[in-house]
Amino acid sequence: MIHNYVKYTLMFVFLVIVQILILNQVQFSGYINPYMYVLFILLLPVTAPPWLVILASFLIGIVIDVFSNSMGIHAAASVFAGYLRPVVIRFISSHDEEYNEYPGLLQNKFSWFLLYTSIIVLIHHAVLFFLEVFSFADFLITFFRLLLSSIFSVFIIVLSQFIIFRK
Amino acid sequence: MRSLLRYLVKHYPLVLFLLLETASLSMVVSYNSYQRITFLNSANRVTGSFYNTFSSVRDYFSLSKVNKQLAEENGRLRSLLDLPAERDDFEDIFADSGRYNFLYRYTPAKVINNSVNKPFNYITLNKGREHGIKPDQGIISASGVVGVVIKVSNSYSVGLSLLNSQWSISAMLKKNSYFGSLVWNGPDYRIASLREIPLHVSISIGDTVVTSGFSSIFPEGIMIGTIADFSRPGGDNYYSIDILLSTDFKNLSYVDIVENSDKDEIEELERISGNDS
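First to last, the protein sequences are chains C and P. With our numbering applied, the first sequence covers 1 to 167. With our numbering applied, the second sequence covers 1001 to 1277.
It should be emphasised that the hints constitute simulated quantities derived from the structure, not laboratory data. Treat the hints loosely; a few may be bogus.
Simulated DEER-style distance windows between Cβ atoms [as the list claims (entries may be wrong)]:
#, chain 1, residue 1, chain 2, residue 2, range
1, C, 12, P, 1232, 51 to 59 Å
2, C, 144, P, 1071, 35 to 43 Å
3, P, 1075, C, 110, 54 to 62 Å
4, P, 1011, C, 22, 37 to 45 Å
5, C, 159, P, 1188, 48 to 56 Å
6, P, 1231, C, 106, 36 to 44 Å
7, C, 22, P, 1201, 44 to 52 Å
8, C, 45, P, 1165, 35 to 43 Å
9, C, 144, P, 1231, 19 to 27 Å
10, P, 1071, C, 147, 55 to 63 Å
Partial selection, computed: residues in chain P whose CB lies under 10 Å from chain C [to be verified]:
#, residue
11, 1021
12, 1024
13, 1029
14, 1113
15, 1158
16, 1186
In silico SDA-like pairs for lysine to any residue, Cα to Cα no more than 25 Å straight-line [stated by the list, open to error]:
#, chain 1, residue 1, chain 2, residue 2
17, P, 1010, C, 50
18, P, 1250, C, 21
19, P, 1010, C, 91
20, P, 1010, C, 47
21, P, 1065, C, 25
22, P, 1010, C, 55
23, P, 1110, P, 1261
24, P, 1127, C, 25
25, P, 1263, P, 1205
26, P, 1010, C, 46
27, P, 1250, C, 144
28, P, 1250, C, 46
29, P, 1065, C, 21
30, P, 1010, C, 101
31, P, 1250, C, 147
Beta carbons are placed, not taken as given, at the ideal position from N, Cα and C, and that holds for glycine.
Start from the sequences, fold in the hints, and give me the full structure.
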């Protein structure tokens, strides 16, 4: 239990630092900005109580907000993704399979992890990008940005699972 | 009452979700309303010093580039001065400079945080109140206009970048002094659009656009960019012009903050005359 708290605290700090110091500085053609910190919401234990997931999502969102001058936008997107996470897990897992406590890439099938990551990242980015422009005008441009960034975020998250936070 | 409570306890994730989501959304809304820009956080002490530390590390990687830019600017300034190799009438120079009333004061500052890919981009500088920085002072770089200071803490300040659709500046064509307003609507950080140039003005691709000096934020004639493309929208009396910005926002490191020492006086005068009419 204590071990878990330490692990997730370290993960939190690491992902926040990577996000604000590296990924927020990397910008491709004005369209793409990957958000890797969603990985934190993805990797919380499957059995964690919903309130803990929502609260942890809110926490990482608000910290990212503070560092990127976007009060509330990341927090809203993260809370949304954190709230829907149990629903998504229930939706994409079949009953006869046994749940793995840690929803990483090693512990599950590749197709499962890819689908899981894609759905959560899309939910998160959809809220994020539409809140950021704060209007549905130029819907297609925003949609395009959100799609490109999602693909990139999913790519980075899946790739990172081969290197860090494997267990 | 009891059944309501029981319902809430049973569905506590939904309640918690709605609570936190409302909190975040209210933050978004109050932040987005332009008046409450006080929510801007990176001017505050913690994040400011954090970015400062990080940028002092990052600086080493761009030293050679900055050196080159400084050398170029030195060369440009020297050519403006046009000093002959031997000149013995220094007394005259000092006497001359004393006669001028210096309207603009420049404070060099370093960019410690900057973005180009959001709809509203901000820029954080490492100079603040104790260096004499106040809100509404302009920010320029060696290559052109950058933005305007909006919030100041003791040793840091946050400015609106030109790449912020909440802001526009008064710009004019250098060759014939027709003026319009320059706004940026994204997504490309190199292109902004110039409005309100009437159709009878003759313009061509490559024309230079500079600040007009009407706003008392920037001195007149600071470079903004060049015309990259223009068209005549049907049914409109104005051109639609794309401006290629001369400042490379992705590559900003050192800027100057401009203070207009007569700004208060000008604004006071404008306020009085505005009351009369």
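Okay, which hints does this one fail, numbers in order?
-> Checked against the structure, the hints that fail are numbers 5, 6, 10, 25, 28, while the rest are satisfied.
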